[in-house]
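**Q** For the sequence shown, the working numbering assigns the number 1 to the initial residue and increments by one for each residue that follows.
You may find that some hints are simply not true.
[As the list claims (entries may be wrong)] Restricting the straight-line Cα-Cα distance to at most 30 Å, the calculated cross-link-like pairs of lysine-lysine (BS3-like) are: (1) Lys71 - Lys102; (2) Lys111 - Lys78; (3) Lys43 - Lys78; (4) Lys43 - Lys102; (5) Lys41 - Lys110; (6) Lys131 - Lys102; (7) Lys139 - Lys21; (8) Lys21 - Lys138; (9) Lys78 - Lys102; (10) Lys21 - Lys102; (11) Lys78 - Lys41; (12) Lys110 - Lys78; (13) Lys138 - Lys41; (14) Lys43 - Lys71; (15) Lys21 - Lys110; (16) Lys102 - Lys138; (17) Lys71 - Lys41; (18) Lys139 - Lys111; (19) Lys110 - Lys139; (20) Lys43 - Lys110; (21) Lys43 - Lys139; (22) Lys110 - Lys131; (23) Lys43 - Lys138; (24) Lys139 - Lys41; (25) Lys111 - Lys41; (26) Lys102 - Lys41; (27) Lys102 - Lys139; (28) Lys111 - Lys138; (29) Lys110 - Lys138; (30) Lys111 - Lys43; (31) Lys71 - Lys139.
Just so you know, the hints here were simulated from the structure itself, not pulled from any lab data.
Small disclaimer: the values here were computed from a predicted structure and weren't measured.
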Amino acid sequence: MNFVADIEGVFTKEEIESFLKDEQQFYIEYAEENWLDRYFKIKAMSQRTHVPSITSVISDTPGESNLNHSKTEQFALKSIQASEWLDTLFYAVESLTPAEQKLIELKYMKKRNDGSRYCDEVIYPQLFIGKTRYYELKKEALEMLGRNLYGLFSERGCS
Numbered sequence: 001m002n003f004v005a006d007i008e009g010v011f012t013k014e015e016i017e018s019f020l021k022d023e024q025q026f027y028i029e030y031a032e033e034n035w036l037d038r039y040f041k042i043k044a045m046s047q048r049t050h051v052p053s054i055t056s057v058i059s060d061t062p063g064e065s066n067l068n069h070s071k072t073e074q075f076a077l078k079s080i081q082a083s084e085w086l087d088t089l090f091y092a093v094e095s096l097t098p099a100e101q102k103l104i105e106l107k108y109m110k111k112r113n114d115g116s117r118y119c120d121e122v123i124y125p126q127l128f129i130g131k132t133r134y135y136e137l138k139k140e141a142l143e144m145l146g147r148n149l150y151g152l153f154s155e156r157g158c159s
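All chains should be built: construct the whole structure from the sequences, respecting the hints.
**A** As structure tokens, then:
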């Protein structure tokens, strides 16, 4: 309890709330911008079966070698990295509550027939919750997802 009293003496209640709000916004933006907005592109990259050209390139410049950087190898590595990226995202989504998982899946991981995302007004009735609770749940889900993903990537030493 002394710690809380000490902190309250250094920062005002408004400053503490501002720090926490900024932190929450950081994790929400991290989840949306670095993960959910890239989901469909990465998913497509992980599922590609197109085989790139395997034409050899000969160079007379010393030190230039394509032995470890063939187009086929680069393509395979990108596909594997995309699959690992998706696994990380799915793992983080699975750590959310069932309601939060459903919201993230409906809002960010499914598309309409025309290729656009579903709007919020279509999603919250499917979750059997009101509009106000939906926006609260969405904020909570995005913050927790951002925290989970940030933590997972920090543990791996990735950025």
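**Q** So if I understand the rule, the pair passes when the alpha-carbon distance is 30 Å or less; does Lys21 with Lys102 pass?
**A** The hint holds at about 25 Å.
**Q** Does the structure keep Lys111 and Lys43 at a Cα separation of 30 Å or less?
**A** Roughly 13 Å separates the two Cα atoms, so the pair holds.
**Q** Given the hinted pair Lys102 and Lys138, is their Cα-Cα distance within 30 Å?
**A** This hinted pair holds, its Cα atoms lying about 10 Å apart.
**Q** Sort out whether Lys41 lies within 30 Å of Lys139, counting only the CA atoms.
**A** holds, 24 Å
**Q** Taking 30 Å as the top limit, are the C-alpha atoms of Lys21 and Lys138 close enough?
**A** Holds - the C-alpha atoms of Lys138 and Lys21 are around 15 Å apart, at most 30 Å.
**Q** Does Lys139 sit within 30 Å of Lys43, going by the straight-line distance between their CA atoms?
**A** holds, 24 Å
**Q** With a cut-off of 30 Å on the C-alpha distance, tell me whether Lys138 and Lys41 pass.
**A** Holds, at about 22 Å.
**Q** Measure nothing beyond the straight line between the CA atoms of Lys110 and Lys139; if it is 30 Å or shorter, mark the hint as holding.
**A** holds, 19 Å
**Q** Quick one, are Lys111 and Lys138 close enough, alpha carbons at most 30 Å?
**A** holds, 18 Å
**Q** Do the alpha carbons of Lys41 and Lys110 lie within 30 Å of each other, as the hint requires?
**A** holds, 13 Å
**Q** Decide if the proposed pair is consistent with the structure: Lys71 and Lys139, CA atoms, cutoff 30 Å inclusive.
**A** violated, 42 Å
**Q** Given the hint that Lys43 pairs with Lys110, test it: the Cα-Cα distance must not exceed 30 Å.
**A** Given pair Lys43, Lys110 holds - Cα atoms ~12 Å apart, limit 30 Å.
Violated hints, listed in ascending order, are 1 and 31; each of the other numbered hints is respected by the structure.
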